[in-house]
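> Chains E and H are the protein sequences, given in the same order.
Sequential numbering of the first sequence, starting at 20, is according to the working numbering.
Sequential numbering of the second sequence, starting at 20, is according to the working numbering.
The set of hints was computed from the structure by calculation and includes no laboratory data.
The model shown is predicted, which means the values in this text are computed figures rather than measured ones.
Heads up, some of the hints might be wrong.
Put simply, identical chains are the same to the list, so a pair is met inside one copy or across any two.
To be verified - In silico lysine-lysine, BS3-like type, Cα no more than 27 Å apart, as pairs:
| hint | residue 1 | residue 2 |
| --- | --- | --- |
| 1 | Lys70 | Lys227 |
| 2 | Lys241 | Lys21 |
| 3 | Lys236 | Lys21 |
| 4 | Lys347 | Lys95 |
| 5 | Lys369 | Lys233 |
| 6 | Lys323 | Lys400 |
| 7 | Lys63 | Lys185 |
| 8 | Lys44 | Lys21 |
| 9 | Lys233 | Lys21 |
| 10 | Lys44 | Lys70 |
| 11 | Lys44 | Lys400 |
| 12 | Lys347 | Lys400 |
| 13 | Lys317 | Lys185 |
| 14 | Lys44 | Lys236 |
There are 2 protein chains.
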Amino acid sequence: MKTIQQNFAVQFRYGVHFTEDLFSKDNELFLDVLPQNAAAHQRKVLFVVDKGVADANPTLLEQITAYTAAHAGVLKQLASPVVIAGGEEAKNDPDLLQQLLAAVNDYGVCRHSYLVAIGGGAVLDLVGFAAAIAHRGIRHIRIPTTVLSQNDSGVGVKNGVNSFGKKNFIGTFAPPVAVINDSNFLQTLEDRDWRAGISEAVKVALIKDAKFYKKIKEDAQKLVNRDMEAMQQLIYRCAELHVEHIGGADPFEFGSSRPLDFGHWAAHKLEQMTDYRLRHGEAVAVGIALDVVYSRLKGMITEKDCNNVLDLLQTLGFDLFVPELTHKEQSGQLTIVRGLNEFREHLGGKLTIMLLTGIGAGVEVNHMEEALISEAVKTLKQKHQPQKLSQV
Amino acid sequence: MKTIQQNFAVQFRYGVHFTEDLFSKDNELFLDVLPQNAAAHQRKVLFVVDKGVADANPTLLEQITAYTAAHAGVLKQLASPVVIAGGEEAKNDPDLLQQLLAAVNDYGVCRHSYLVAIGGGAVLDLVGFAAAIAHRGIRHIRIPTTVLSQNDSGVGVKNGVNSFGKKNFIGTFAPPVAVINDSNFLQTLEDRDWRAGISEAVKVALIKDAKFYKKIKEDAQKLVNRDMEAMQQLIYRCAELHVEHIGGADPFEFGSSRPLDFGHWAAHKLEQMTDYRLRHGEAVAVGIALDVVYSRLKGMITEKDCNNVLDLLQTLGFDLFVPELTHKEQSGQLTIVRGLNEFREHLGGKLTIMLLTGIGAGVEVNHMEEALISEAVKTLKQKHQPQKLSQV
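Isolated chain E (complex conformation) (with noise of 0.2 Å):
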């Protein structure tokens, strides 16, 4: 019998909208990205916020409340906001998980209500999964408050969660309804939080736009010093280049290539090896040192160029070095190394790796050599003691 074809597109729309004061009674931003439903006046909603932010907000649940309430026309708030744990350790965590799917089903949060998540990529990361296989997908709005969830994770379509000590070993590419940066929440981060997210706008712009990279480096004090405006223009767009490349050739990542992945390899690995004592936003850096470093080695880019960056990195007050770098196996090999067949192996297929052939200026590579990534490390180590250096 003849074979039956199946064959369809789906479409996939969403906003990324900036805001500040989201939930001030005035603000209707968040009534106008819920999509007009037919079926129903109310909006069903249901809020999850992660413990830190509501903690460095004290005011935030009342003023959910408050906004719901004001907007009961429209908005229909389920329960009082569900607070769970934030931290990529919520990732690790399949209670919280459990926890969340126990709401869903309490609360009545059927496929047309929404999941709205408010905090960190983890948060984000952990609600976002929830959200996708209750009810086989309720729709799912995400309110990232940190400058590496507004300017990467949380405006793209992925979640999940760890799983076998692996990071996001368990997760689905989802696309919310919508995403909303509020700038206000950038205010309450601690300075480590501020900076880590800076790393990513490194990575896409060193990858894919020298022009943005120019500005970081002119940027770069203001960044350190917290200046608000300077920051909203760098999230704006590496948020932009991203949600570009998501949209482009390959959304659901079929095949082998992932180049947003630049310096993630090694970050990965280090997230893990440090028990998440480097946050994402820092492993990526030392990840990023790495592999420029190793690009320089190679002879693809110019010492200049290699030097030009890593001092970007230090400038904004990245660490370039951990010890964990330099960890060995038993057989000798560096710890480290073992990353890229962790990384080959959750995208499957080929090893494809992201490296720099200029500032502005990626290219992948199948392959890289063992015995360079030993030298960049070393070269990694050096540049982070050069007080020791001068006494040699």
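Once you've looked at the hints, dock chain H against the given chain E.
Here is chain H on its own, set in the frame of chain E:
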């Protein structure tokens, strides 16, 4: 700042293939359906087999291993086939899902490997879900072994497991790479399972295709007598109608409409109320009977058409009544009626129920009258117990 708009489409393609004796060494269909992999000559596969199927086909596991060995140039079996319990109960057991995810981790199944499920609908749902969430989605091939899964659930894009006592509370929309229907598996089915899947063909014929309904009517006795040719024709047309519908307006069911669930609001509730004593297809037969009688009571179809359908279902060997239909809540409401609300809650949005305006002609409504549901239940009870009626 201006909203950044994301907008992309994802294309999904797969074939539903028909064969017999899939793992005989000279059958190349399995090799043909694995997309060419530029990255590696060998395509990595892990088979997961329904225990019921492995028991009924004692040489199957050896055959699979011999087949992959014979085609070692292009296939690499990552481990011996994993055998797991089947039937609806399997979808209630979180340990089975965990076992599958552990297998993916232990055997290095990556996003470009193939997780191949062989079994009835429950095993396909369970393995499909594991494939959809591990590494954010592993390539998945379905080899349905029952009538129900070959003509309906197995050819679609959904997967799921049960949670909080609710069917498919957790799951995703994740199209497979291919579906392969091997008629050999049908020969070892017990009569109940041979029959059960036929109700889905009656369902789709009733709402979409009067000619197909006529054909089922003509072939009814052959189907009861396990005539393989008649069954193959039924499966083919039923699968085709399902594939066409799914590929139509709303494959991932973003809206409220779900016409293929004709008869299913009651069926889902009955499965739960009978602790899955009723198999899905059997429950669907009762659900169809209920909604057909309801359509007649509403004056939407003639008594002749109504009886025509009930007679067909009985000729095929289905019971049209189970005692659970008359169970009542403390409030006096029929328990089955709660299925309407659970159905609405699972779909979300507005209650949307398919009824009939004729044979081959479905129509959607947004309300059902409890009094008429109650009357329909009485009609089915009487039809089921004609001997008692004659004593009145």
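> All hints are to be evaluated individually against the structure, with a verdict given for each.
Tested hints:
no.: 1; hint: Lys70 - Lys227; result: neither (35 Å within a copy, 51 Å between copies)
no.: 2; hint: Lys241 - Lys21; result: between (65 Å within a copy, 23 Å between copies)
no.: 3; hint: Lys236 - Lys21; result: between (61 Å within a copy, 24 Å between copies)
no.: 4; hint: Lys347 - Lys95; result: neither (55 Å within a copy, 31 Å between copies)
no.: 5; hint: Lys369 - Lys233; result: neither (33 Å within a copy, 52 Å between copies)
no.: 6; hint: Lys323 - Lys400; result: within (19 Å within a copy, 86 Å between copies)
no.: 7; hint: Lys63 - Lys185; result: between (35 Å within a copy, 21 Å between copies)
no.: 8; hint: Lys44 - Lys21; result: between (60 Å within a copy, 21 Å between copies)
no.: 9; hint: Lys233 - Lys21; result: between (58 Å within a copy, 22 Å between copies)
no.: 10; hint: Lys44 - Lys70; result: within (23 Å within a copy, 58 Å between copies)
no.: 11; hint: Lys44 - Lys400; result: neither (52 Å within a copy, 57 Å between copies)
no.: 12; hint: Lys347 - Lys400; result: within (15 Å within a copy, 74 Å between copies)
no.: 13; hint: Lys317 - Lys185; result: neither (30 Å within a copy, 57 Å between copies)
no.: 14; hint: Lys44 - Lys236; result: neither (38 Å within a copy, 63 Å between copies)
Checked against the numbered hints listed earlier, the structure breaks hints 1, 4, 5, 11, 13 and 14; every other hint is satisfied.
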